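> Construct all of the structure, not just a fragment, from the sequences and the given hints.
One letter stands for each residue in the lines below.
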Amino acid sequence: MKRWPTILAYTVLAVGGLLMVFPFLWMLLTSLKPFQEIFDLKLIPQNVTLDNYRQVILETQFPRWFFNSLVVAVITTLSVLFFDALAGYTLAKLRFPGKGLIFVLILSTLMVPTEMLIIPWYVMSVKNGWVNTYWGLLFPGLMSAFGVFLLRQFFQTLPNDLLDAGRIDGLNEFGVFWRVAFPLVRPALAALGIFTFLGNWNAFLWPLVIVQTADMRTLPVGVALFSGEAGTAWNLIMAASSLAVLPVLLAFLFFQRQIIEGVVLTGVKG
Amino acid sequence: MRLSLARREALWAFAFLLIPLVFFLFIRIWPAFQALWLSLYEWNADPAKRTYVGLEHYRQMLDDKLLRKALLNTLCYTLIGVPLQMVLGLAVALLLNVVERWRDFFRAVYFAPYITPAVAVAWVFSWMLSANFGIVNEILRLLGLPAQPFLQSPRQALLTVTVVVVWQNLGFQAVLFLAGLQNIPREYYEAARIDGADSWALFRHITLPLLNPVIVFSAVIGTIGFLQLFTQVVNLNFTDQGGPLSSTLTLALYIYQQAFGRFELGYAAAITVLLFMIILLITLVQLRLLSRRVEY
Numbered sequence: 001m002k003r004w005p006t007i008l009a010y011t012v013l014a015v016g017g018l019l020m021v022f023p024f025l026w027m028l029l030t031s032l033k034p035f036q037e038i039f040d041l042k043l044i045p046q047n048v049t050l051d052n053y054r055q056v057i058l059e060t061q062f063p064r065w066f067f068n069s070l071v072v073a074v075i076t077t078l079s080v081l082f083f084d085a086l087a088g089y090t091l092a093k094l095r096f097p098g099k100g101l102i103f104v105l106i107l108s109t110l111m112v113p114t115e116m117l118i119i120p121w122y123v124m125s126v127k128n129g130w131v132n133t134y135w136g137l138l139f140p141g142l143m144s145a146f147g148v149f150l151l152r153q154f155f156q157t158l159p160n161d162l163l164d165a166g167r168i169d170g171l172n173e174f175g176v177f178w179r180v181a182f183p184l185v186r187p188a189l190a191a192l193g194i195f196t197f198l199g200n201w202n203a204f205l206w207p208l209v210i211v212q213t214a215d216m217r218t219l220p221v222g223v224a225l226f227s228g229e230a231g232t233a234w235n236l237i238m239a240a241s242s243l244a245v246l247p248v249l250l251a252f253l254f255f256q257r258q259i260i261e262g263v264v265l266t267g268v269k270g
Numbered sequence: 001m002r003l004s005l006a007r008r009e010a011l012w013a014f015a016f017l018l019i020p021l022v023f024f025l026f027i028r029i030w031p032a033f034q035a036l037w038l039s040l041y042e043w044n045a046d047p048a049k050r051t052y053v054g055l056e057h058y059r060q061m062l063d064d065k066l067l068r069k070a071l072l073n074t075l076c077y078t079l080i081g082v083p084l085q086m087v088l089g090l091a092v093a094l095l096l097n098v099v100e101r102w103r104d105f106f107r108a109v110y111f112a113p114y115i116t117p118a119v120a121v122a123w124v125f126s127w128m129l130s131a132n133f134g135i136v137n138e139i140l141r142l143l144g145l146p147a148q149p150f151l152q153s154p155r156q157a158l159l160t161v162t163v164v165v166v167w168q169n170l171g172f173q174a175v176l177f178l179a180g181l182q183n184i185p186r187e188y189y190e191a192a193r194i195d196g197a198d199s200w201a202l203f204r205h206i207t208l209p210l211l212n213p214v215i216v217f218s219a220v221i222g223t224i225g226f227l228q229l230f231t232q233v234v235n236l237n238f239t240d241q242g243g244p245l246s247s248t249l250t251l252a253l254y255i256y257q258q259a260f261g262r263f264e265l266g267y268a269a270a271i272t273v274l275l276f277m278i279i280l281l282i283t284l285v286q287l288r289l290l291s292r293r294v295e296y
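Protein chains in written order, with the UniProt record's numbering: chain A, 1 to 270; chain B, 1 to 296.
One should not assume that every hint holds.
Quick list of the computed label-pair ranges, beta carbon to beta carbon [claimed, not checked]:
no.	chain 1	residue 1	chain 2	residue 2	range
1	B	P213	A	Q256	18 to 26 Å
2	A	F254	B	P213	38 to 46 Å
3	B	L140	A	V21	15 to 23 Å
4	B	L55	A	P34	27 to 35 Å
Here are some, though not all, of the chain B residues that point toward chain A, as calculated from beta-carbon distances under 10 Å [unchecked claim]:
no.	residue
5	L21
6	F26
7	I27
8	P31
9	V92
10	F276
In short, the hints are calculated from the structure, not lab data.
Being a predicted model, the structure only gives us computed values, none of them experimental.
Ideal placement from N, C-alpha and C gives every residue a C-beta, glycine not left out.
If you want it as structure tokens, here you go:
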């Protein structure tokens, strides 16, 4: 009795899964075709070539865009993890006047859409000479209100006795945070870290606004503007897109469990 | 002088919060007010030449046909996209909940698009959906169906963009719903089965009510996402004009055009205030409507 629904479920999932995979497959296969072949729409390339990748890597500033994205994503992630944890810990575990107000203040920023902030950020960047600099790319993402909220929840679950034990052993308050509390919220840090990294790696709107020269583009802006310029060179565009997607998919293979847990954490348990 | 314990704790707290507070005050809170302030001025690169125009920009919005178009489009994207991705996400989650072997594999397959750069996704789809050389039209032809213009047609472009965004978000919704489903104790279903409930009754009276918090979250997140739609629209249509004939123009893209295409930063700021109010209103309404306690 129970077999038929299960078989049906597998079938529907497989067909749907094919629709999810196909664009990636099509991108990869097109990127391996020489230009003459791309318009005859055969799935499998007749003459497999890596020349598109060679051109993208050697004849565009692709490596530079990759590097820029890496710089932005790594620095913002480290900053978010450290400062969000520090703020989350303080708001969860220390007593001080104005605590409620500060928490509400930080949380209230979640309601403001990025579009509203981008114009003042831009004005601020023009005034201070941050346009087209790494600092300009970085500064909006250095902390996240959502991360503070998430980590505060986790720090609250730590028993106070544990923190007191650290204090009795002679750690100062920063030592208690860094050596005792911080390592204990590792699952939340992993999830927050991965999402911060991916969010900044994939970011498009702000980098598009703040970057002026080709050498300062991040990967998404580089691919977008390159594609606009490359016109009908779909083989090159697909090679560039593949190179932009590949690191993310590889990271996903490695961190799948933490990424899925991160979604669950934010939506169902948070 | 020895400080009291409470005072020492407070000093540590303020030391820890110093940098985060500076960040949130100057990078998140102050700019929000600055957007309000900017919306009252006619922008000029030279601060001395910025003139105060009061609510003029807000009045200007009333006569702005393109803004009305962007608003209407954004509404269409949201009204089609959010229900679509929620229903499909829930369907995939229900299927994933049935299968046990291969569950992690299928979940990964559906989730992968969500984390890939939207720019790359948009370019792949614009290639696949190309009117003359696209693989999708080739497949339609093989099935004996007429070719479609998709992104080239003012009538189809918005729907096409919506489908691409739904394709990308589907896995996120499915993972959320699956986690929600797995939080529901199995005993509830068993008890109801003994009472003679059929599958539909189980779904209607157990699954849906207990899934309510997840449904609220997914609806709010989905709506905010669609209200801020930008990257896919720009990259699926090759231009930042929201073509063809503004049929895919969104509010976020219109803000970008006004601010960084025409450098009407004052007017653009006024539109961001409008966007903020819409997001605030919809979030509040949704939280109220959907978090009503369900009787069962």
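> For every hint, state whether the structure bears it out.
The hints, checked one at a time:
1. Take B/P213 and A/Q256: their Cβ atoms lie about 25 Å apart, and the range 18 to 26 Å holds.
2. At roughly 31 Å, the beta-carbon separation of A/F254 and B/P213 lies outside the given 38 to 46 Å, and the hint is violated.
3. Between B/L140 and A/V21 the Cβ separation comes to about 20 Å, which falls inside the hinted range of 15 to 23 Å.
4. Against the hinted window of 27 to 35 Å, the Cβ-Cβ separation of B/L55 and A/P34 comes to about 59 Å, which falls outside the hint.
5. For the restraint placing B/L21 at the interface with chain A, the shortest Cβ-Cβ distance is roughly 7 Å, inside the 10 Å limit, so the hint holds.
6. Against a cut-off of 10 Å between C-beta atoms, the interface hint on B/F26 holds, since the closest Cβ of chain A lies about 9 Å away.
7. Look at B/I27: its Cβ gets to within about 6 Å of chain A, closer than 10 Å, so that hint holds up.
8. The restraint placing B/P31 at the interface with chain A holds, with a minimum CB-CB distance near 4 Å, inside the 10 Å limit.
9. The criterion of a C-beta within 10 Å of any C-beta in chain A is met by B/V92, whose closest approach is roughly 7 Å, and the hint holds.
10. Interface hint at B/F276: satisfied, since its Cβ lies 5 Å from the closest Cβ of chain A, which is below the 10 Å cut-off.
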